[in-house]
Amino acid sequence: MIRRFGHWLVALLACAAMIGLHAYTGEFGHVDARRATIGQTARLYASTVVVNGWSIGQVLYSDDAFVGRTGVIYLAVNVTVATDGSERSTSWKVGGESNGRTFAVDDSLFVPEPGFQRRQDVVFELSPDDLAGFTVTFLDQAPIYAYDPQVNVDLGITAQDAAQAFDRSRYDTVRTTSGTVEVIR
Amino acid sequence: MSERRRQWLAVAVTGLLVLAMVVGWGGYLRARATPHYVQVPPGAVATPEQGYDMPMRLVSLTVTPALVTNREVNYAQAGAVWVIAVVDYTPPPEGGFCRLHLIATDGRAWSSIDSLGYEGERVLPTSCSAKPGEGTPRVELIYLIPETAATQLAGLASSATAYRGTEPFWTLTPAG
Numbered sequence: 001m002i003r004r005f006g007h008w009l010v011a012l013l014a015c016a017a018m019i020g021l022h023a024y025t026g027e028f029g030h031v032d033a034r035r036a037t038i039g040q041t042a043r044l045y046a047s048t049v050v051v052n053g054w055s056i057g058q059v060l061y062s063d064d065a066f067v068g069r070t071g072v073i074y075l076a077v078n079v080t081v082a083t084d085g086s087e088r089s090t091s092w093k094v095g096g097e098s099n100g101r102t103f104a105v106d107d108s109l110f111v112p113e114p115g116f117q118r119r120q121d122v123v124f125e126l127s128p129d130d131l132a133g134f135t136v137t138f139l140d141q142a143p144i145y146a147y148d149p150q151v152n153v154d155l156g157i158t159a160q161d162a163a164q165a166f167d168r169s170r171y172d173t174v175r176t177t178s179g180t181v182e183v184i185r
Numbered sequence: 001m002s003e004r005r006r007q008w009l010a011v012a013v014t015g016l017l018v019l020a021m022v023v024g025w026g027g028y029l030r031a032r033a034t035p036h037y038v039q040v041p042p043g044a045v046a047t048p049e050q051g052y053d054m055p056m057r058l059v060s061l062t063v064t065p066a067l068v069t070n071r072e073v074n075y076a077q078a079g080a081v082w083v084i085a086v087v088d089y090t091p092p093p094e095g096g097f098c099r100l101h102l103i104a105t106d107g108r109a110w111s112s113i114d115s116l117g118y119e120g121e122r123v124l125p126t127s128c129s130a131k132p133g134e135g136t137p138r139v140e141l142i143y144l145i146p147e148t149a150a151t152q153l154a155g156l157a158s159s160a161t162a163y164r165g166t167e168p169f170w171t172l173t174p175a176g
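Chains as they are written, first to last, in the UniProt record's numbering: chain S, 1 to 185; chain L, 1 to 176.
Extracted from the complex, chain L is given alone in its bound form:
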């Protein structure tokens, strides 16, 4: 092999190595930065919060135009509906925490609304504040979504979309 040809070969090999590194790293960074939602079987227990060991189970997911509280019936705006998610959880010793998004099959994500979003109070707590042996480890998360999205709901998943990791985002699906 001539000297010139050997030099070209070295250049080609180096270029290919650089390309492979760039593609590999790019793919890895993309996989880390893109939430990868995986539905658990209906009613199954999973730990959706990234880096926080609190098993949860979606008991029910109810779509309704009217949210009943101790004070009044809150009707959703024209073209919108309420989604009431009842979730059981096993709080860790330091106490529970949950901030779950409602996920649609097309990737849209809604955050739960706090109790200022409607008039009155509901029976179940709206935050995962129970500790082991203290309080009810059942929470009700309430969402307001366009009614056209009501047929496309996938379940509840972690809201920490800035979290970087390649583990799946476990998506809780309702029992039954």
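Extracted from the complex, chain S is given alone in its bound form:
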């Protein structure tokens, strides 16, 4: 029997070794990306995240302090992070994607301790052309190698929405908050 299936066994072992090696070296995608929309609560490890809304403008104030003025636009995305699990995760990565480009946030997100939630804004600086189809990504990384959860929230901005928002609010002042912690009720 071994003689008959031997070469299949070798092939199977080689495949398993290849998969293992790829996973170990990080060449495999190691992110479980899920999609969500505005208002939809999505789970990461010990926390949930929900995007409440967004606004744009060219002047930015953060917690009533002037931050800057831009030649492009600021996009402020309001999110609520609630930690209902047992331990606050320390390695969250928030970013943005649009038209195949990736965007970094100005300040990182604050992840609350167990039993608390926090409503706060994250800010991107981008060209008005990248507003349509903008997606905010939240990645929660485990302290060791793992298949980590990522939530991609499509803000649902069509080209028409983007044009209207740009006409209406391009000179607006965006006022953001880093929020305060509240007990989850």
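Worth flagging that the hints you see were computed from the coordinates, not collected in a lab. Fair warning: there could be bad hints in the mix.
[What the hints assert, rightly or not] Label pairs and their computed distance ranges (CB to CB):
| no. | chain 1 | residue 1 | chain 2 | residue 2 | range |
| --- | --- | --- | --- | --- | --- |
| 1 | L | R30 | S | D32 | 18 to 28 Å |
| 2 | S | M18 | L | V22 | 16 to 26 Å |
| 3 | L | V68 | S | A163 | 54 to 64 Å |
| 4 | S | A163 | L | E121 | 48 to 58 Å |
| 5 | S | L21 | L | P168 | 30 to 40 Å |
| 6 | L | R30 | S | C15 | 19 to 29 Å |
| 7 | L | G120 | S | T41 | 30 to 40 Å |
| 8 | L | G95 | S | G20 | 34 to 44 Å |
| 9 | L | G176 | S | M18 | 58 to 68 Å |
| 10 | L | H36 | S | T102 | 32 to 42 Å |
| 11 | S | V67 | L | S115 | 18 to 28 Å |
| 12 | L | T62 | S | S127 | 46 to 56 Å |
| 13 | L | S129 | S | T102 | 38 to 48 Å |
| 14 | S | A142 | L | E121 | 31 to 41 Å |
Quick reminder that beta carbons are idealized off the backbone N, C-alpha and C, glycines included.
With chain S fixed as given, assemble chain L onto it according to the hints.
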């Protein structure tokens, strides 16, 4: 025993060996990756920080809605309370270090908040920065937790939950 039966037996034995290895390794890796909290007797000295030899003792664990500093009384948010842990430690020659989690009996863990989390200053230091014969080897760690968790507190344990090992996570419990 026929040739065919002997081959099947070899396959079965190999399969069982593989299964035993997988179960054994899986169990060991799981035990290594899961923090195993063990409470020390009330007020007893233990070394909670993994791989760092600094004996510590939890003197008291106080739950209060108001945190008094030299500047004002900081009231906790609605539904939350402060927990003040006073810890004595014996610093090693290179100086002290502590980052302890407050652990609840259901496994929830809170990290201590730094002095930016409230207005004013407290009397005791908030970090284990003393060296032998230099500074006060007593620290006050402050936590903010939901008040519903206040009756479920187990004590203080290492915050290094990414640490891999099978030794227990010693959990300091308050004296008295």
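Structure-based check of all given hints:
no. : hint                           : in the structure
1   : L:R30 with S:D32: 18 to 28 Å   : holds (21 Å)
2   : S:M18 with L:V22: 16 to 26 Å   : holds (19 Å)
3   : L:V68 with S:A163: 54 to 64 Å  : holds (56 Å)
4   : S:A163 with L:E121: 48 to 58 Å : holds (53 Å)
5   : S:L21 with L:P168: 30 to 40 Å  : holds (35 Å)
6   : L:R30 with S:C15: 19 to 29 Å   : holds (26 Å)
7   : L:G120 with S:T41: 30 to 40 Å  : holds (37 Å)
8   : L:G95 with S:G20: 34 to 44 Å   : holds (42 Å)
9   : L:G176 with S:M18: 58 to 68 Å  : holds (60 Å)
10  : L:H36 with S:T102: 32 to 42 Å  : holds (40 Å)
11  : S:V67 with L:S115: 18 to 28 Å  : holds (25 Å)
12  : L:T62 with S:S127: 46 to 56 Å  : holds (54 Å)
13  : L:S129 with S:T102: 38 to 48 Å : holds (40 Å)
14  : S:A142 with L:E121: 31 to 41 Å : holds (36 Å)
Every hint from the earlier list agrees with this structure, and none is contradicted.
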